[in-house]
Structure formats: structure tokens, C-alpha cells
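Enquirer: Residue numbers (our numbering), protein chains in the order written: chain A, 1 to 161; chain B, 1001 to 1161; chain C, 2001 to 2161; chain D, 3001 to 3426.
Hints in this document: simulated from the structure, not taken from any laboratory.
For each residue, glycine too, the CB sits at the ideal point set by N, CA and C.
Hints may contain errors.
Pair ranges (Cβ atoms, derived) [unchecked claim]:
| # | chain 1 | residue 1 | chain 2 | residue 2 | range |
| --- | --- | --- | --- | --- | --- |
| 1 | B | A1117 | C | D2029 | 36 to 42 Å |
| 2 | A | L60 | B | A1158 | 24 to 30 Å |
| 3 | C | I2084 | D | T3119 | 34 to 40 Å |
| 4 | D | G3093 | B | I1052 | 32 to 38 Å |
| 5 | A | M61 | B | E1010 | 56 to 62 Å |
| 6 | A | G6 | D | Q3113 | 26 to 32 Å |
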Amino acid sequence: TGTPRGVSPEMHLEVTMLFEEYGRLLDADSLEEWTTLFVPDCRYEIMSRENIEQNLPLSLMLCDSRDMLDDRVYSLREANVFNIHYDCHLIGPVRVTPQGDGWAATAAYSLFQSIQAGETRLFSVGRYHAELRRVDNVLRIVRMRVVVDTGAILTLLATPI
Amino acid sequence: TGTPRGVSPEMHLEVTMLFEEYGRLLDADSLEEWTTLFVPDCRYEIMSRENIEQNLPLSLMLCDSRDMLDDRVYSLREANVFNIHYDCHLIGPVRVTPQGDGWAATAAYSLFQSIQAGETRLFSVGRYHAELRRVDNVLRIVRMRVVVDTGAILTLLATPI
Amino acid sequence: TGTPRGVSPEMHLEVTMLFEEYGRLLDADSLEEWTTLFVPDCRYEIMSRENIEQNLPLSLMLCDSRDMLDDRVYSLREANVFNIHYDCHLIGPVRVTPQGDGWAATAAYSLFQSIQAGETRLFSVGRYHAELRRVDNVLRIVRMRVVVDTGAILTLLATPI
Amino acid sequence: MTAPAGADALSCYTFPAADCSRIPYGMYRDPDVFELEQERIFRGPIWNYLALEAEIPDPGDYRLIAVGDTPVIVNRARDGSLHALVNRCSHRGAEVQRNLHGNTKVHTCCYHQWSFDLTGKLIGVPFQKGIKGVGGLPADFDKACHNLQRLRVETMNGAIFGTFCDETPPLEDYLGPVFSHQVRRLFHKPVRVLGYQRQRIFGNWKLYTDNLRDPNHGGLLHMFQITFGIARLSGTGGARVDADGKHNLSWASQGGRTAQEDGAEGGYAGTDRGDMNIRLKDPSLLRYHKEFPDDLTLAVTSLFANAALQQIGNTLAVRQLRPRSADEFEIVSTFFGYEDDDEAMTRHRLRKANLAGPAGLVSMEDGEAVELVHRAIVRDMDKHSIVEFGGRGPVVDQENLISDVPMRGFWIYYCKLMGIRAGETA
């Protein structure tokens, strides 16, 4: 309990700022920039708490490399038709713990979606579980598992959570 | 205004991590572990803003010792029948101020509840008012008053906020 | 990406605490104290994302001086009739970057409103864009632009976001 | 033909007075009444305000709006002509245009790629003839019969109006001389759109049209304008109506009395209104730069049924009312100045926008007032509102502000369109 050992305020701030950037880039629809937060051999997945609690492996979204993540974003830009919306991510305090040669980090999130005409709905709540590593002096996401409590997706799930 | 005197980034981080753990343990339904964040002679209460503004002492939930808090959790496990749900706590920036031989801390929260099938609703918003003390080198909760703006409880209030 | 250069944990904490105070004072209906967070020649404006994305200059609320901000609060106290409510601001991680002789800071927010009888609704989500300066050793708001995703205001917009 | 859905609902409520000085609460809460209004009011013989030409200046420009609760595209075709089209694909009923605004050559439905030109004509059906004679539409399918539904459109000085109904008289006749003048007054030169404000109010839309036609509330509810002398009930002002009484102009002229002038003997005695001791730190917000040939400093023109043209000092806007259900409506306000405004005037208008809209210092109360009524009339549907300020009987111009006569004008015309006989049942 309390502050995890070995994580300084500087380190904690750096991780928090990575989460901040993650949410801010998604909210600004800067998806191409958002994917640069990940390492090439990353894994990004969105899983429902329902499946996790039953030890079922199915994801709502799964990209097991940066290329696949880029493809997903490219497809959103070029091929998919989805509800036009603005995202707003609220991210809670981040817990950071050293893990191997990097860090594990977790935080709760709530995600609100607004339509162009300015009506907002709660879209999703849940928790980020990330593994981070420093690459060329920059903190990057190796693995991000988004566990959604809101497993019953409203309308559709196009843009990442 | 601004940063309270005498609270270092390290101290602030430690308190924030205590709040983070508080919310995370509740969200994970680790209620028994959650009660260990409190000192034996703690006080935990949930009060509506409505009652507070009228100087009325009634709580929605009141435990004036760690034993009573444990009893409440035990009862939830063994005796109570309530809506099966997942919690998701979002906690805002924490204000920490030295107070006596410990600290006062406050933060806004929003709490979302999801049913097993993955539908989420806003359950409660309000503010934590905590008194903290270091015991055996670990930060503990001496008193937690949760002031809920959402005084009209949706369905029922089983798990702590 | 990552931690902005030149912003120490102390500085980041100070800015975060300014945002915390901003939200806490609004939630406590301490509007007169809230205006003291601003410099005399401040600018406070609430703009919809809809207008911003079309390069349209119209605000929902615009005060281009501390006097005008004080007038707005004074009018709320003395002249306006509006829905009686409690506010609850949840503010996400704050990004701080040095800018000129001060700092730029941004954070996502969600704002919940509750009626006296304790029913809560999501009122607004969006993002703060602030410019800060240290005046007489205290951090103050020079400019605050609140960009609301929730451009379709529920009922009315009386108290500041 | 069977009666439209909801027609029976009208028999539940009585208007005991022919001058509509009593309004049954049920008219504000009954979903069946709302359904009937869509047919008989918003798709009836009226002109609905749609948009400003300045919002769609170039060929291909479009915006999405609503007429009643029907989604509508307003756009400008290649030849510069203006069109209003129901935003619903003639194939399966999907929204054809999904962007709130933009510029396009055609509107293409994303579902099956049917495409329509800017006049609403169906011009493209992919695989209409199938492939190699297999699949596709029947040979006798006639594209010309499946255009987007069109509204008839007329404009006046850049304000675009539309109607669903063939019997609606020409716009100029519908507005009448007084209200044609008001439209031309506000749009006397090219406008520049400054931006939009949106407000969702959880009450019936007619509580808002009532409010617009009730000068009496302005000086009692909106204390900002009372206190700072924008318009007091004791000041110079009044209301004008057209021959039907359906439209209303609430006006006040420069030199409206201040609290100081009113003194303790004014009509505000006994209320907590009209306090004489409050001042603004920055009174520049109240400054008025005269810009019209007349002396009106406040002119709110309410056009039956969905529009209000607003001049509050130099704060200019047009508000479009979009009913959503019996219990909710949206107000979309388009604020504007004029193309020849200099930078200082634009800045002045942007600051003065603080007076109007959902956060308006002299308008925010309307949202609250509507909801206060809507909540409290939940039961007792055949009990009535009282509308007698300014007297009973014929609806005529009012030379003072202590009147809600124009509200009765709205209801008399409303009853006529809805087929309600007022005053037959005591």
C-alpha cells in the first residue's frame, strides 16, 4: 500500500504525462500521432470485463503490432463509416510500479462522446493496464490493455479508447 | 491559494496514491483489502450534501471504527442481497494540507456503476474529505467523510463510495 | 511527447493545485474567491468546439477583464434567476508547458450538476486551455479558454465552467 | 382518410375562452398533441425559418437543421439557388448527409450510396441494373419518382424560410407589412455570422413561444435588464402584432428608465425586484451604438412558429426553435454582425453576446422559467393558465410592457391551425 517503492515523483509525472498525452491525442482526433506512443512490437487490446472475469480471450479490438494499430487508424480514415463524434477522456490518478526493465501503469478512465451538435453521452468507463518501456530516452507503450466495464458498446466502437 | 505550504511532491504523490488505491480496491471489489487502508479507530461516513447544508447529522452510511467497517463488508459478503455491479471510480486532483500530526486531503470523485452485461450509469458524484496519519511508516485513513452531491441514491447503496 | 522539458514536479504540482482550487471553489459556490485566481487584465471565455472548428469567434461566455468577471458573478448573486444546483468538477491530468514568462496548461474536465434533491446529470465535458503567470509569487490565471464539447447547453449556463 | 394520430387528444382539453385567455396544461404535456403539431403546425400552412444565406454563401454549401422534429438540409445549388430537402434517403430512410455543415457536389447516402444533387434529385443508384442482368432494381423503377422530399423556399433579405405546405401564402403576405419590415430592418445589409449557441430546454416548446410573447415577464424575471435600465416595465415599450396576432414584436426604446428614476414608488414595490443600489464595475457592456434608423434598443420579433429575431442593443441573432418531444426543445441561435462592421464593432458585439443565449445575462432565466412551469403542470391536464395581462378580447398592439396579450394571439392562430374550437365549452 501507499507509494510504490522505487518510483520517484519525476518518474510518476513522466508516466502521468504519457497517459495525459494518450487521452489528449485521442480527443483531438490525432490518431496517427497517438500510435507513435507505442513501440513497434506493441499490443493494444480492448477487452470487456465480462470476458476477463470468465477467462475468455476475446477482445473488442486487438492489434498485436504497431503496424496493425496503424492499419486500424488508416482504415478509420479511409474505409470505415462511423458516427461522427468528439471524444473526451478523463483519466484518474495513475499507479506506476517498476516491472522488469520498464514499468507497469494503471488508471481508471471515463470516456464521453459528443456529437457535432454538442450533445454528450457517457460512452465508456473502465481501466487502463499498460506496460511501458523507455526507448531512445522516451517512454513508450509496450502493451495496453483497456478493460471496459461498459462492455455493451453504445452504437459502435470505432476510435480507440 | 496555490500549492499548500509544507507539502512536497513526494508527500503529495503518496497521498494521491492512497486515494488511487482506495478507488482501485473498491473497483476490484477488494473490500477486505480496502478496509486495511483505515486505522482501527477510524470513522467512515457517507453524507448527503443536503443534510450537511442543513447541519443535519444523518449519514447514508456510518462506521465509527475499523471493526464496524469490517462488519459492513462482512455483511455485504454474507447477508446482503444487492444489485450485482462493477464500480469505476474517477478521482480528481487531491488537495493535501498538513493538519495536526497528519494531513487533511480532499478530492472530487465520480463513480460509475456497470451491470454484469456491461451497461453503465453514473451512480454518484461528490467529494472526499479525509484525515490521514502515518502509522508504522504507512499512510492510513483516520477519517473519511464522503459528501455526495447525488443524495438521491440510485436503486440502493451497498458497496462503499 | 512525454514530460515537457523544464517543468519540475514542484511546478507541475503547483499548476495542478491551481486547477484543483479552480474546480473546488466553483463546486463550493465560492465564486467571489474563484475570481481572485485571475489577474486584473485576464480573459475568461467559454467557447463551443463547434464554433472553434468553424473559426467562428462567438463565445458562450466572455469576460475580458477581471472587472467583467466580477460583474458576471455579481449579477449571478443579485440579478439572475437560474436553476439551483451543485456543481462537481472532475479534472484530468494537467499538461504544463513553459510559455513566455509564464506557462500554458491544459486539462480535460467533466462537470456534473446536481439539483437540491440530489439528482445528478452530466452537464458538460471539454477542455481547459489556460495561460498562467506568477504574480507576487502566486500563480494566477491570465487567460482561460474553456472549450466545451457539450455545446448544446442543458437548460442554461449560469455558473462558470 | 382516418384522422391523424393524436387527433383524439384534442377532445380532452378545453379552451373555455374564445380569446384564449385560458390555456389548458395538457397542450404542453400531451405527446399526442405534439404529434399532431408536427402535421398541422410545422408541416402546415406556415413559413418556418430555416437559415441565413450568409451561412451557405457558395454553391455546394449546406447546413443541417430541423423543421419541427424533421431533419432538413438547407443548401445552395450550383446555379446559386437555395433548396431545403428532408434529410432522409428515399431508399431506406437513412440520414443522407451526416456532416453538420460543409460543401459538396452531391449528397450521398453512406448506407447504399444513393446520391442526390443539390436540388434533391436522385441522380445515382449503384448497381441499379444489377450485374449481367442479375440483381438490381426492377426495370420499371423510375428514379424521377424518388427524389428527396423538398420544402418550398422563399427568402427575404438573406433570411431563408421554408414550408411543407402548398397552400402557404407568399412569404411577404404571411409576414405582413409589420413583420416584413422587421425582417428587412434586421437584415438591412449583408451579415457576417459570428457563431452559434445551442440550448436544450426540458419543457414544451410552446412555453418558449409564450415567453417570447409575454413582455410582462421581461421586467420582472430578467432582473439584469431591470436593474441596469435595458428595459423596465415602467419604460417606453410595447408589443406589435400582425392581423392574425400570430407574430409578435416586443420592443423597448432607448432611454428605458433606470432603477434610480423609478424610485421606491414604482410598480416594483413589494417585490424583491428593481433594487436601486447595484452597479457594474464595467458598464461598457451596456453601451449601445445606435445602428438602426429607429429608436428601438430592444426588438425581439417572434415569427409563428419557430423563429425569433433578436436585437438586444447591438446583440443580434436569430433563434430557431426545434421541438424534440412534448418535453424538450432546442434553441439554436445564430449570432451575427454586418459585413461592414469594423474590428471594434465586432469586438463590441462579441462582448455584448454575454447578454443573450443560454448564458445570457438577460436571457438565461427563460430556460429556468420554462422548466419551472413544465415540471409543475405535470398533473391536472385540464386546469388552465391565466393570460389576462393587458385585458381580454381582441389581440391588438400594446403600447406598454405590462401585457401578455400577444401570447393569446399565438394561441388563437394555433387553435385555428390545429382545428381546436376555443370558447365553445364553458
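Enquirer: Now, for every hint given, state plainly whether the structure supports it.
Expert: For each hint, the structure was consulted:
no., hint, verdict
1, B/A1117 to C/D2029: 36 to 42 Å, "holds, 39 Å"
2, A/L60 to B/A1158: 24 to 30 Å, "holds, 28 Å"
3, C/I2084 to D/T3119: 34 to 40 Å, "violated, 51 Å"
4, D/G3093 to B/I1052: 32 to 38 Å, "violated, 52 Å"
5, A/M61 to B/E1010: 56 to 62 Å, "violated, 38 Å"
6, A/G6 to D/Q3113: 26 to 32 Å, "violated, 58 Å"
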